[in-house]
Amino acid sequence: MRIICPLCGERGAEEFVYHGDATVRRPHPDSSAETWNAYVHLRDNPAGRHSELWYHAAGCHAWLVVERDVRTHEIFAVTLAQDVALARRPVTA
Amino acid sequence: MSTASETFPREIAAPAAAVSTRPAQPFRLAEAAGVDRKNLLDFTFDGQRYSGHSGDTLASALLASGVRLVGRSFKYHRPRGILSAGPEEPNAIVELRDGARREPNTRATVAELFQGLTATSQNRWPSLRFDVMGVNQFVAPILAAGFYYKTFMWPASFWEKVYEPLIRRAAGLGRASGSHDPDHYEKTTTHCDVLVIGAGPAGLMAALAAVRAGARVVLCEEDFLLGGRLLSERRMIGNRSALEWLREAEAELRAAPECRILRRTSVFGVFDGAYGAVERVGDHLPVPPMFQPRQRLWRIIAKRHVLCAGSLERPLVFGDNDRPGVMLAGAVRTYVNRFGVAPGRRAVVFANNDDAARTVADLAAAGVAVAALVDARAEVTPEISRIAEAAGAKLLAGARITETRGRLALRGAVVTDAAGTRHNFDCDLLAMSGGWSPTVHLTSHHGGKPVWSEAKAAFLPPSHLPPGMAVAGAATGDPLLADCLASGAQAGAEAARLAGFQTSLPAIPETDGESAELQPLWRVRGGKGKAFVDFQNDVAASDVALAQREGFRAVEHLKRYTTLGMATDQGKTSNVNGLALMAEFNERTIAQTGTTTFRPPYTPVSVGVLAGRHRGHEFRPTRLTPTHDWATEQGAVFVETGPWLRAQYFPRPGEADWLVTATREARAVREAVGLCDVSTLGKIDIQGPDAAVLLDRVYANNFASLPIGRVRYGVMLREDGFVMDDGTTARLAGDRFLMTTTTANAVSVSRHLDFCSQWLWPELDVQMISVTEQWAQIAVAGPRSRAVIEGVVDAGFDISNAAFPYMSCAELTICGGLKARLFRISFSGELAYELAVPARYGDALMRRLMEIGKPLGVTPYGIEALGVLRVEKGHPAGNELSGQTTAADIGLGRMMSKTKDFIGKAMAQRAGLTATDRPVLVGIRPWDRAARLRAGAHFLARNVENLAANDEGYVTSVAYSPALGHWIGLGLLQRGTERLGEVVRAYDPVRGGDLEVEIVSPVLVDPTGDRLRG
Amino acid sequence: MVEIGLLSRSPLAAVLQPGHYGQPGQDGLVVQERTGLHIVNLAARRGQGGALAVAVQRSWGLELPTTPRRAGDGRLAFLWSGGAQWLAIAEGTGDLELSLKDRLGSLASLTDQSDGRSVLRLSGSRTRETLAKGLAIDLHPRAFTPGDTALTLAGHIGVQIWQLDDTPSYEIAVARGYAGSLIGWLLPAGEEFGITVLPPG
Amino acid sequence: MAKTRYSIVQVLAQAFRGQRGWAPVWRDAEPKAQYDVIIVGGGGHGLATAWYLASQHGITNVAVVEKGYLGSGNVGRNTTIIRSNYLLPGNVPFYEHSLKLWEGLEQDINYNAMVSQRGVLNLCHSDAQRDAYARRGNAMRLHGVDAELLDRDAVRRMYPFFDYDSARFPIVGGLLQPRGGSVRHDAVAWGYARAADQRGVDLIQNCEVTGIRVEGGRAVGVETGRGFIGAGKIGLACAGNSSRVAAMAGLRLPIESHVLQAFVSEGLKPFFDGVVTYGAGHFYVSQSDKGGLVFGGDIDGYNSYAQRGNLPVVEDVCESGMALMPGMGRLRVLRQWGGIMDMSMDGSPIIDRTPVDGLYLNAGWCYGGFKATPASGWCFAHLIARDEPHEVAKALRLDRFAQGYPIDERGAGAQPNLH
Ligand SMILES: Cc1cc2nc3c(=O)[nH]c(=O)nc-3n(C[C@H](O)[C@H](O)[C@H](O)COP(=O)(O)OP(=O)(O)OC[C@H]3O[C@@H](n4cnc5c(N)ncnc54)[C@H](O)[C@@H]3O)c2cc1C
Ligand SMILES: NC(=O)c1ccc[n+]([C@@H]2O[C@H](COP(=O)([O-])OP(=O)(O)OC[C@H]3O[C@@H](n4cnc5c(N)ncnc54)[C@H](O)[C@@H]3O)[C@@H](O)[C@H]2O)c1
Ligand SMILES: Cc1cc2nc3c(=O)[nH]c(=O)nc-3n(C[C@H](O)[C@H](O)[C@H](O)COP(=O)(O)O)c2cc1C
Ligand SMILES: [Zn+2]
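Chains as they are written, first to last, in this note's numbering: chain A, 1 to 93; chain D, 1 to 1014; chain G, 1 to 201; chain Y, 1 to 419.
Keep in mind the hints are simulated off the structure, nothing from the lab.
From a predicted model like this one, the values you see are computed outputs, not experimental measurements.
Each hint should be verified, as a subset may be incorrect.
Derived DMTMM-like pairs (lysine to aspartate or glutamate); straight-line CA-CA distance at most 25 Å [unchecked claim]:
#1 K819(D) - E97(G)
#2 K161(D) - D289(Y)
#3 K394(Y) - D917(D)
#4 K161(D) - E103(Y)
#5 K394(Y) - E409(Y)
If you want the footprint, here are the derived chain D segments under chain A, 3+ residues with CB under 8 Å [said to hold, decoys possible]:
#6 758-767
#7 905-915
Residues of chain G placed beyond 12 Å of chain A at every Cβ, according to the derived structure [claimed, not checked]:
#8 A14
#9 P18
#10 P24
#11 S59
#12 S114
#13 T196
Quick reminder that beta carbons are idealized off the backbone N, C-alpha and C, glycines included.
Please model the complete structure; the sequences and the hints are all you need to start from.
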């Protein structure tokens, strides 16, 4: 599998470390036990398009959000995780 | 671009008369396109000497020498000869070479001949001609597909003791050498615009088109010659012989700067984004050339791929179609035209298509008598009649071969014609053709299913090809040479265009006319004898029928039940025939029946080449500490800790074992001073205004409050609430920390920090980088450590206890200006320091400290002693941080902050993690002080049965404590903290041990910590 | 460098001896260990990337690369080494970290890595083919040119490589502890082309 | 219903009749409108469940609904290793129960699945690893399971051709379970299928479940490619597809689907007797009765439903193979394939009721569910029949994640690809 790191360019997946579903969000500390359990354990695990976290371990050390079809391994988009994270939560002063 | 593999150019040889005293080659013809008759080679088969020429395969040389019988089949041990002339060969598989280089199951049809080659037949005993297991042929009625599932069940104990060993001995093919492979392998990666697979007419045209467009092209050809079927046929391209055209095409490609031609290179798999190919660099030589590997793995990363893999001929299914001398018609032409070998003296040709008439013509041209052309079709073209007539062959249209004769070699065949009349022919060669199957294997490695074409009677490439792939040539199902040239050119040009180049279609040369008309014939009915479908695995038409009868009707069931297509050839010649028969028995179409899944590798690939150089010591890289060379000089014994090699202990002459040494070293630390390289601990430089914030979120305890110049022990959890890692973190400045991690977790902690700072809390202004390798860090531990440190710190730095107390850190200079970092931390529980210098000075610093410490009794110690010291102090380490323990389990519960959020906090509250019956950290000592403890023993109360229900925990770490004079240990014990003083058993049946141990505090030496603060 | 009482030692001292290796009479690969390099990692503080680039431009007249490139020359170069992260590499004496600190102030976090990395210079007509046996990236001149850099793997070892010129010559940096293993891969890989190992310099 | 009993007498008798008298091993059943129990998934676990429902609980109005052909999932693509050498109390009794069932399987189902107890040896390469194996071996002994800790010399006597002298990670010893071994994988599916069919279970192939009908909080049937089929109870045994099927009932599972590859070499004369796992890399190997070395390694490491793996893992497995057994260099990989694993968050399986009444879950088998087949079927049948967990499967419950009782053999945490 070839992943196009937004910083380094296209590389083989062997340079990366996989972390799983990128759609789960770390809950607020006071969230219910159920919410925490869902965050840590439960996954949609869809057979199709999957948004997931990869780490460019042998490259730039960036965490990436990769949009991939898990049936075909086709990759649609790769984004810096930091950018995704910043976009979804405004910086608090 | 030329590669190493091309340093042995082989011209297409002009025929030359052979003059030699070597064994004769009675079947060698005068003309051969592909062998060098001037160059004679000796080889042996089953110990018998033979000769051949360079350019021969083992198969062609054996045929030239008149050898027919080359192997025995898998199950019935039927005598078998050479069926094909390529990678699809099911019968002629041999053990090539001997000794440690023995290669079982080597197809004689692709093994290139070299001087001194030795080959041995396999799966026979005592000899190929007289094989005892040949009796299986006569009990064949019992040994039908799947018979073993129905029997061997009584008595139950007999299966493993009697039946299975018998089955195993009878099964299997060649023998593994049992020795370590003496050759080496390597891997390489190449990138290109267009990868062309196969260098037949289609592949050559594709490569030419792409190269002319300026694309970077890689052309892979499995064979040692380029040309594909052109080498096997007598054809014309553009008014000259196809071989001349081939020579020109090859010359143009060779001269092209951006074309890499890889011969002897099989593309074996289509993976996501990369093709795998194996180049047989040295397999055609007695031993690989100096500095060259035996084989090389190519990972080919190409923008576009053109598959021009050609097609494979199908056998016909008729009674006793497996006798040595029955051969594929196309292979017969290959032997005649390319190798200059007559595979027989008198032939019968049996076919269902127009193509086979070529075999008649070529045999005749080579002087081989053709007794008959048996065409299964009721009507044949005038052209075919003309060819048969010219060859003097009797043409039998609408006829079938219903019987063959001969045991170790074919002697004759019986033809039954349309009227039912039997014609008996003497012959030693039977050339058969059931049509051609496009070589679509690689097209379906991504899961696409090949599509059956009724018109072409073949499976064609799936509509969903692997991304970037195009197919050309006979692999598309359009096998006519003119079409192959055209589709190759078209696909090559298109591939280059899609890769971003301007292209124009090359001119397509004219060819001589031909026809590929065919009428399927899936089996000959009413014949005698077993009609084989899968030759190697002895699957006959009757087995397919049996599978159908028993309900194994899906193709995949058929395959698994009968083993059809599961042999070393992976059904290259058998799959289509097999499933066509299943379709017939099921009364369904072939399209409805479908085909089994094609999987890599296309042809078998050695494990060695897939490993490359990564074996033995080179299996994984070795990470060395800055003092490694010094430790080597000291005679250190090293131990693998992850990628690192660390000094385990430093034996002195006369010390009986590691325990004596480690004990001495540990004692020296307690009594004087010791030195240990601790550079392997992960060190992470954390900077930025939010550095403290990040630390507070990743550590369970507080770090924002840590003063500059101080160090704090921290514990971090995983988000699921279990302990992830521990270590000390020093505050070097308001916005700068130096975190240390365990050696084992250095990489994963770094990654975790990046995760936190980039993904969880991207707004934090914090920068991190590993400095593990930048600093050599030496622990100086023991009551006299201060004196040693004093010897190196530069004047002006006060290391008195008052000025530099326990848990201090400082940046300073030593040895006359060398920048260094000093930490007063202690894993040993003694007064101790860790001194860090830029790694290049680590070696010299160690020597200097040794020198300074000499009068103080300084002793280098390894990680064994380190372990002793930490167990004495009850510090948790790897064995306690098993990923299954909570902070509370290992006595660190109080470190979990109640006032802030941190990773793992929420999940650590779960019932299971806070349950009161969780095993917790305790110390242990043997009741009998002389006894030795062992880690891994389980705790059981004294008077209970040895049952899991009574299991209360286990011993995590042990050490012989020089300070206490007996073994001690740490363990996890249910309600352990309440049980100090209790005696329990450390039960260790796997090592024959059952000891009584006393539960004590984990901290057994200096529990008040006076020594460490002194 | 300060005059100090300790001798430095290369991690390659025991494994890389000058001389000729492999195929006699051929020099497909020339290897030299680089010594005397100052390497400082520079990571932009949050939101300071622009200001940092300006400061670098003003101080040294170099454009801080925002893609995997190297700006500068042998005396001082800024080598992209990740998002908002660079290695400043300088030859000679003088305290690089200090001079960076002076000019860049708190725009970046600075970390000395001079000892964290071993650097080799590789050149010779078969360098690309040798490297291809370990590096999976495309070093073809159409894909990788002088000034380009990449962080990647050589076999199982993490490396950073950058191209110096069209000869082609490259420098390749590896974590110090793995330097020996890198040589353990490189020399066998280059043997078939002939290798000259030069004295460190 | 085919009632032929298999025996040597039958085989000989058939030999004389040209093998013409054999009946189909199972009927090609048409789905009925309603069953007492529907098992979704005709893999090893689903078929075993059907057999034990019928044979142990007398429940025979059962259908096994399979989207492909019987055995097309992981039961047909695994490396056939059976063992019960587990560490944790939640696992050991369950897998030991399974091993015991394997030991009587042929007689139970009258099908020779070639259970072959040739010994499973896990190699260790450091003192710490050896002690961890001691811990495990001792735990096994406490459960009454066989376990032996071997030193290097003992390993060398068993496998002289391993690399003892130039290894990057030397062999220190190993943990041997003599009763571990291998079983002919396909035969397990076929044997259970035949046995269940003979008791009247309907085996419905090429029938994909596309929906689960839930009415008033209760599962009442499945939508399939061949229409709706009603059921009193529904048991999911879909291995790699558990999440997809559970989602049809609105459930999210602590599971990710990953691909695991396996490999077989060309056939060889017997030389490798047991099953061995390498402890310093990802590699394990045994030799099949047919002669091929069957081997594998780690999962590819990312979510996948593609049922095929990639080259880096192929290389990784072969590197480890060569590191262990340098003679493998000249043996050839014949075929390489993949299966979809339902990797759970703690690496251990789940056999439990679900929040939906009448819907039962059997999932999370990771790379180790083949050995579990008999016990999984046994316990799942027990659960479905009696609505209470079987004694040996009590710990395999679904709420253990929320409650903090993971069964995490490796201590890897809630990260499926690390198990
Ligand atoms: C390469 C590999 C090697 C392995 N090696 C071992 C080993 O050595 N030892 C070991 O113990 N375990 C091993 N395993 C694991 C083991 O194979 C599995 O855990 C086990 O087979 C899973 O149970 P099963 O047999 O019921 O699964 P499967 O055979 O996968 O059965 C599940 C069935 O459900 C069907 N299904 C899915 N969705 C639907 C639907 N919507 N409708 C209808 N049907 C559906 C599937 O088609 C499939 O047939 C290995 C697995 C793999 C892939
Ligand atoms: N008339 C007929 O019925 C008929 C049928 C089939 C083929 N043919 C003839 O065969 C020729 C077909 O031309 P073509 O170029 O399509 O095929 P080809 O068979 O001439 O060449 C294919 C080449 O691909 C190579 N190859 C296959 N798989 C490979 C792999 N995985 N890796 C590396 N190399 C691989 C083969 O070794 C072969 O050299 C034409 O001359 C055609 O006329 C005729
Ligand atoms: C234990 C085992 C042994 C196997 N042995 C062989 C073999 O000898 N020859 C073969 O072609 N395939 C063999 N296979 C692989 C199957 O052909 C097939 O690839 C695998 O079961 C996966 O199915 P699929 O490839 O149809 O998806 C074996 C599979 C298993 C699980
Ligand atoms: Zn990157």
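Hint by hint, here is what the structure shows:
1. K819(D) - E97(G): The hint holds at about 12 Å.
2. K161(D) - D289(Y): holds (13 Å)
3. K394(Y) - D917(D): holds (18 Å)
4. K161(D) - E103(Y): At roughly 14 Å apart (the allowed maximum being 25 Å), E103(Y) and K161(D) satisfy the hint.
5. K394(Y) - E409(Y): holds (17 Å)
6. 758-767: As far as the stretch 758-767 of chain D goes, the hint holds, because 5 residues have Cβ atoms under 8 Å from chain A.
7. 905-915: It holds, with 5 qualifying residues against the three required.
8. A14: At roughly 27 Å from the nearest Cβ of chain A, A14(G) sits farther out than 12 Å, so the non-interface label holds.
9. P18: holds (31 Å)
10. P24: Consistent with the label, P24(G) stays out of reach of chain A, its closest Cβ about 35 Å off (over 12 Å).
11. S59: holds (25 Å)
12. S114: holds (20 Å)
13. T196: Given that every Cβ of chain A is farther than 12 Å from that of T196(G), nearest at about 29 Å, it holds.
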